[in-house]
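Chemist: Starting from the known structure of chain Y, arrange chain V on it as the hints suggest.
Number of protein chains: 2
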Amino acid sequence: MKAIAFTGMPGSGKTEAVNVAKEMGLKVISMGDEVRNEAIRRGMELTDENVGSLANEMRIKYGKDIWAKKCLEKLREMKEEIVVIDGIRNIEEVETFRKKLKNFILVAIHASPITRYERLMKRGREDDSMKIEDLKAREKRELSWGLGNVIAMADIVVVNEGSLEEFKNKIRKILEDLVIRNSKK
Amino acid sequence: MKAIAFTGMPGSGKTEAVNVAKEMGLKVISMGDEVRNEAIRRGMELTDENVGSLANEMRIKYGKDIWAKKCLEKLREMKEEIVVIDGIRNIEEVETFRKKLKNFILVAIHASPITRYERLMKRGREDDSMKIEDLKAREKRELSWGLGNVIAMADIVVVNEGSLEEFKNKIRKILEDLVIRNSKK
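Note that the protein sequences, when read in sequence, are chains Y and V. Numbered per our numbering, the first sequence spans residues 1003 to 1187. Numbered per our numbering, the second sequence spans residues 1003 to 1187.
By construction, these hints were calculated from the structure, which means they are not laboratory data. Be aware that one or more of the hints could be misleading.
Any copy will do: because identical chains look the same in the list, a pair fits if it lies in one copy or spans two.
Stated by the list, open to error - Derived pair list, reagent style DSS-like, types lysine-lysine, alpha-carbon separation capped at 30 Å: (1) Lys1066 / Lys1175; (2) Lys1016 / Lys1101; (3) Lys1071 / Lys1133; (4) Lys1029 / Lys1076; (5) Lys1063 / Lys1124; (6) Lys1016 / Lys1175; (7) Lys1063 / Lys1138; (8) Lys1101 / Lys1172.
The following block holds chain Y by itself, in its conformation from the complex (with noise of 0.2 Å):
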């Protein structure tokens, strides 16, 4: 099995990589499904504070790799033979993942802060408490995380500076190299 992960700050546009892996019909298991499938067994209401405080406590609990070693055991059900994973938070999912998958490719999406600011101020123009300092801090919170050591050891880096079809493009050109290489074994 080949898996090929994105991370990339708020704003980079990993969500847009994640689409179109997607429209290529790639299988896409997402880290955070597996928090929220957790909140659902234990009967918890799924609200972001739950789910988040969820995370965490697991984290504490069992390592900050947890919710990778979740993942690895539904990719063993699921026998596809490429997978997308979405939301790498810790280098220790990356060393987890990069130990028990034979073929893992992490792949950073990379923005200045500028592009990114401005893209997130427009994504939130309907919401009026979008604020600069808001983004700021989820960006804080996300770093606090370990997202910024995620992105240093990323395999590839593609930077995303300009319009959304020629990042479009790069993402599914990097997709269909793995297809092809995957095929061809």
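Modeler: Just chain V now, with coordinates in the frame of chain Y:
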């Protein structure tokens, strides 16, 4: 004054980027030199251990951006139009430079872990004690200081997976654009 800072993981090519700047006649200010100068002022012997402890001690005592502040003092005396800053380690330093310098551009150099390990192993071939475990330990240490966050917050990412000449051309192009934009001011 315009300042450009290079950052990157060990083996990414950061030193080569700084060398291109020097070849172009740009002034380079090394944050490590600031620490070494302080050690000399205190009459300390310049061992790695002494310099490392002094750097950390000062960060604990005066804040994580203390070496950025020391650099800024020096930059003010220098009165250069464009300077290159080498040796940024944490996001607090980036924030201080962004706040105090009107034009601050953070450039991250990226190469995949495999490429970086190969380069570092080749570089250290004469040294029999060089092991992949040592490289990984050094990498972890740099990430624990916050290097990943610095990389995640870069304005520009330069990928360095090809030849040295190709990489040097990319860096030269970025620096030339900066010099041209500066002269047009």
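Chemist: Please go over all the hints and tell whether each is borne out by the structure.
Modeler: Going down the list of hints, with the structure as the test:
In this assembly of identical chains, Lys1066 and Lys1175 lie within 30 Å of each other by CA distance neither inside one copy nor across copies; the values are 32 Å within and 41 Å between. Taking the shortest Cα distances, Lys1016 and Lys1101 sit within 30 Å of each other both inside one copy (24 Å) and across copies (28 Å). In this assembly of identical chains, Lys1071 and Lys1133 lie within 30 Å of each other by CA distance solely across copies; the values are 29 Å between and 36 Å within a copy. When the C-alpha separation of Lys1029 and Lys1076 is checked against a cutoff of 30 Å, the pair qualifies only within one copy, where the shortest distance is 12 Å, while the shortest distance between copies is 54 Å.
Taking the shortest Cα distances, Lys1063 and Lys1124 never come within 30 Å of each other, neither inside one copy (39 Å) nor across copies (41 Å). Taking the closest pair of Cα atoms, Lys1016 and Lys1175 come within 30 Å of each other both inside a single copy (15 Å) and across two copies (28 Å). In the homo-oligomer, the alpha carbons of Lys1063 and Lys1138 lie at most 30 Å apart both inside one protomer (29 Å) and across protomers (26 Å), since each shortest distance falls under that limit. For a Cα distance limit of 30 Å, the shortest separation of Lys1101 from Lys1172 inside one copy, 27 Å, qualifies, whereas the shortest one across copies, 34 Å, does not.
Checked against the numbered hints given earlier, the structure breaks hints 1 and 5 and satisfies all the rest.
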